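Quick note, the sequence shown lines up with residues 1 to 379 if you use the working numbering.
Hints in this document: simulated from the structure, not taken from any laboratory. The model shown is predicted, which means the values in this text are computed figures rather than measured ones. Treat the hints with caution; some may be incorrect.
In silico lysine to aspartate or glutamate, EDC-like type, Cα no more than 16 Å apart, as pairs [what the hints assert, rightly or not]:
no. : residue 1 : residue 2
1   : 175       : 196
2   : 175       : 145
3   : 175       : 342
4   : 137       : 205
5   : 276       : 2
6   : 78        : 43
7   : 123       : 82
8   : 137       : 189
9   : 276       : 293
10  : 123       : 213
11  : 175       : 140
12  : 175       : 189
13  : 175       : 157
14  : 175       : 203
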Amino acid sequence: MDNHAFLALAAVVNPRAPPTSDALAEQLGSDFCGWPTLLEYAERHRVMPFFANRLRALGWMAGTAIPVDADLQARMDKTIRDSAFAELAALAELRRISERFAGHGVTPILLKGLALSQLCFDKIGWRTNHDIDLLIKPAELATCDRLLGEMDYLRVEPHPALDLSQTERWRRLHKDWVYIHRSRRTIVEVHYRLFDNEPLCAEVDLGEIEPLDLFGQHQVLSLTGEALRSYLALHGLLHSWSRLKWLIDYELIRPAATRGRARRVPIRVADRLGDKLFSSPTRPMARGYSRTEMLVRSSLNAMAGGGAQELEQTKFGTTIKNISHYLISIRPAYWIAEFRYDLADRSRDGDAASGPSGFLDRMGSWIRRKAGFDSGLRH
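All chains should be built: construct the whole structure from the sequences, respecting the hints.
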């Protein structure tokens with residue numbers, strides 16, 4: 001891998017071995033890209049609060065050849081404060097929603113978000129959280145939809161203008177409904193299954209849940225143990241591990257003693273990515289063509305190949321990510337579900353978004369219409 005800025009970011013936020021300032025300065029080397037560039041990468045990978053806290057703990061690298069200047073320190077201090085404020089606001093909103101749901105017999109499982117802030121860091125202001133992800137029973141969806149509407153949330157996916165048959169089609173293809181609060185702009189994702197590809201859900205044992213106390217303020221249900229590890233590994237892999245944030249989450253919740261055991265492909269990919277980026281010395285890349293090795297290479301490319309750009313903004317980024325999904329499992333039911341989803345997928349790559357529709361796009365639209373997947377609305 002020749003993206004030195006990305007590797008420098010990984011060195012700063014290494015969850016396995018927090019560096020000293022002198023060791024980090026030596027690791028970054030004489031060709032260090034500079035802190036402003038690293039801040040761009042930290043923002044793109046959604047690790048700015050962790051990055052800022054790590055550098056502040058290192059005295060902003062004082063006494064080394066690469067100190068962080070005062071303006072950047074002030075900017076990162078603000079990031080830490082903003083992150084803490086956002087998490088406190090999310091915690092208050094989560095409690096409000098949970099109490100409303102509980103009054104109607106709904107007790108959701110909190111996925112990611114504040115649960116990982118508690119489990120990974122045991123403090124606020126260290127993790128970027130943008131939304132509230134709740135897992136409910138499928139039969140509770142209509143109730144939650146109504147309750148969130150009464151709480152001034154607007155449903156944005158599936159679009160409210162869809163008729164009943166189109167909404168049901170969406171429900172079969174997707175894992176969640178998405179809401180935005182009209183005034184506070186809080187985003188809530190109500191999951192009625194863990195993954196869009198339904199056969200994949202069997203990989204996570206929903207019996208492995210336990211109460212989790214969030215910073216002494218609110219108690220929720222959370223995945224735990226192997227279920228949480230499997231979920232994070234699959235979630236990261238489905239996104240081609242394009243954000244370093246997800247790999248840090250995985251590393252921090254997984255006991256070191258479990259590394260190296262025989263595991264399924266998603267776990268092996270996550271472990272090898274961690275070994276490549278966070279072990280010392282770093283382990284060489286495998287050159288074989290097993291599913292695991294190909295997924296590790298494609299994930300590293302998704303992480304670092306686009307520089308400070310999001311994966312979806314890079315040329316063919318979404319397409320390559322979707323193709324990689326076919327390597328996750330070789331079960332026929334999984335492949336059929338993945339193919340059905342891809343036929344219905346209306347996402348646009350950065351290379352295609354500004355150009356006219358070509359023959360393949362028109363052909364894809366024709367197949368979607370004939371297969372009954374295309375609602376005619378953009379989401």
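For each hint, the structure was consulted:
1. 175 x 196: Cα-Cα ~5 Å, so holds.
2. 175 x 145: Holds - the C-alpha atoms of residue 145 and residue 175 are around 14 Å apart, at most 16 Å.
3. 175 x 342: 14 Å, holds
4. 137 x 205: 14 Å, holds
5. 276 x 2: 13 Å, holds
6. 78 x 43: 13 Å, holds
7. 123 x 82: With Cα atoms ~14 Å apart, residue 123 and residue 82 stay inside 16 Å; holds.
8. 137 x 189: 14 Å, holds
9. 276 x 293: Status holds; Cα separation ~12 Å.
10. 123 x 213: Holds, because 12 Å separates the two Cα atoms, which is no more than 16 Å.
11. 175 x 140: 14 Å, holds
12. 175 x 189: The given pair, whose Cα atoms are some 9 Å apart, holds under the 16 Å limit.
13. 175 x 157: 11 Å, holds
14. 175 x 203: Holds, at roughly 15 Å.
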